[in-house]
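Given next are the chains, with one letter for each unit.
2 protein chains.
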Amino acid sequence: MNILVRVLVLKALFLCLTGAAFAESLLSWNDGAAKTAIESFVKRVTDPASKDFVRPEARIAVFDNDGTLWVEQPMYTQLAFALDRVRELAPQHPEWQQNPVLKAAIDGDLKTVAAAGEKGLLELVMVTHAGMTPAEFHTVVTDWLSKAEHSRFKRKYTDLVYKPMLELLSYLRDNGFTTYIVSGGGIEFMRPWSEKVYGVLPAQVVGSSIKTRFEIVDGKPTLEREPAINFIDDGAGKPVGINMHIGQRPIAAFGNSDGDLQMLQWTTAGDGPRFGLIVHHTDAEREYAYDRTSAFGHLDKALDAAAAQGWTVVDMKSDWKTIFPPAK
Amino acid sequence: MNILVRVLVLKALFLCLTGAAFAESLLSWNDGAAKTAIESFVKRVTDPASKDFVRPEARIAVFDNDGTLWVEQPMYTQLAFALDRVRELAPQHPEWQQNPVLKAAIDGDLKTVAAAGEKGLLELVMVTHAGMTPAEFHTVVTDWLSKAEHSRFKRKYTDLVYKPMLELLSYLRDNGFTTYIVSGGGIEFMRPWSEKVYGVLPAQVVGSSIKTRFEIVDGKPTLEREPAINFIDDGAGKPVGINMHIGQRPIAAFGNSDGDLQMLQWTTAGDGPRFGLIVHHTDAEREYAYDRTSAFGHLDKALDAAAAQGWTVVDMKSDWKTIFPPAK
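Those sequence lines, one after another, are chains U and F.
Under my numbering, think of the first position of the first sequence as 70, with each following residue one higher.
Under my numbering, think of the first position of the second sequence as 70, with each following residue one higher.
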């Protein structure tokens, strides 16, 4: 029997004997309204004597990724990846010089790339993410993440995850929740590292995707990533992605931007106990401060909705003792 | 603590103390090559001392549904559902009389419906499965299954599941596998009952789907099922559906027809220990006998591939002591 099973057994026994809810695990959260709201919700849905008790199979929590679990400034990590990759592959693709968006990306002219909007970003994603198998893409992503550094913090991107949110993921799982990522980011960009970094298995990652085709190549069954959008898991796409992948309405949703609005609406509109939370980036010193006017992680309508709907708003500056895990 | 957690704890403790693999749970399987192949594979991948040991997170088993877990003759259950439903709704849709396929379905002229091929079937699915929320569709499916009876066995469809396969699902889960359904049938046609009947949670069901749209209706966040195909999870679609939903290559695949061929190829072509199995319907007396010439559950190329690839072929007549669970 392996370590994981042993740990699960010990946890189960511990729960048997004590009924403890592992509240002591939210160590990086300051005492305050946000922490209290989380603990109170978890207590209500896990206490068999509570009228709000929810059976473990229905304890589903969904988390946005960019800006909710890891840094999204000064740009989405996946965009940094696409930019590095377009520059790396450019010598083999002289035809890219004829495409204004790709040329701008190669030249590092981010303003032109940004001005091309979603269509420009998609174009960038197509040429850098397709034309290989999922396994090959997995390797490309893993290699890049092992080397690339964030421009300000000079740390690997997978180190720039929010420690309080890692604790929250574990706390929920310790209390019988299944935790899902539901992100506008690429599903196959996140899966190579989501288990190691977040404890979230590949099957529990929902994201945007390009089309994939199955065929037998030289006698070998092969999946090939194609340069065509399959699904955009953002905004009104998030409840659709949740319905497709999870097939149950979550009871808790965690986001940080207007791209999470519909996920929070869909989650909290269900019957019974519901929980919605928004991470508000208020800490320019330790991380970033941005909301209504930001290009990445634009938070405007969802902030108003939080007030109207009673969702918990995390004030990063005052609610979090620590932002990132300590450097190793 | 609820019963389920108690049972899990007891199972975990039992595993701790004995390392037992619950082999005694395949009670409806006759001793023979098929049962031995299953037990030997499970033993190899769960024994930490084996060079073929697979960690629990990678122990993924995928099961076709129609003809692999439940009866698919004389027609797919979902087709029987669509036919009943088109007749039920026909009085409100006089325009359906102008459509040859829908008119044939209403009149019970199955020959004309069948002659319309996949396109005809899709037309039938569109008009009977869309125009409502997933929750409403869930209710429609549940209501129908609670009343409808199989024409030959005079039992509810959810009673016409294969007892040996139910035991196999449990046996794999007891050995740390996660079991998925990967079916050409509708994902939202299976999810309402998959947990109760198979112990397979909604998130572990992969299937065909129509498009779903999110919108706010009268202030209420709503998902609406639309009359447009989203994904066909059959044939070459199965490895694509697996990659999308599970994000890992399974180590074991179970099917019964050519629609499962690519799923079996994809699963068994991976590195390390792999297992492929085909249920061969050879028992006209207790169930049905069909393969190379059958319209439903057509098994031709996959049967040849099984011999060439060394996949296990279950001879229903000789390998299974019982076909269905006893009537209650």
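Everything labelled a hint here was simulated from the structure, so no lab data went into it.
Incorrect hints may have been included.
Any copy, or any two copies together, can satisfy a pair, since identical chains are not distinguished.
With a straight-line cut-off of 25 Å between C-alpha atoms, the simulated DSS-like cross-links for lysine-lysine are [to be verified]:
| no. | residue 1 | residue 2 |
| --- | --- | --- |
| 1 | K390 | K223 |
| 2 | K120 | K265 |
| 3 | K370 | K289 |
| 4 | K280 | K188 |
| 5 | K232 | K390 |
| 6 | K289 | K225 |
| 7 | K104 | K180 |
| 8 | K188 | K120 |
| 9 | K172 | K289 |
| 10 | K370 | K386 |
| 11 | K223 | K180 |
Query raised in the report: Among the hints numbered above, which are violated by the structure, and what are their numbers in rising order?
Result: 6, 7, 8, 9
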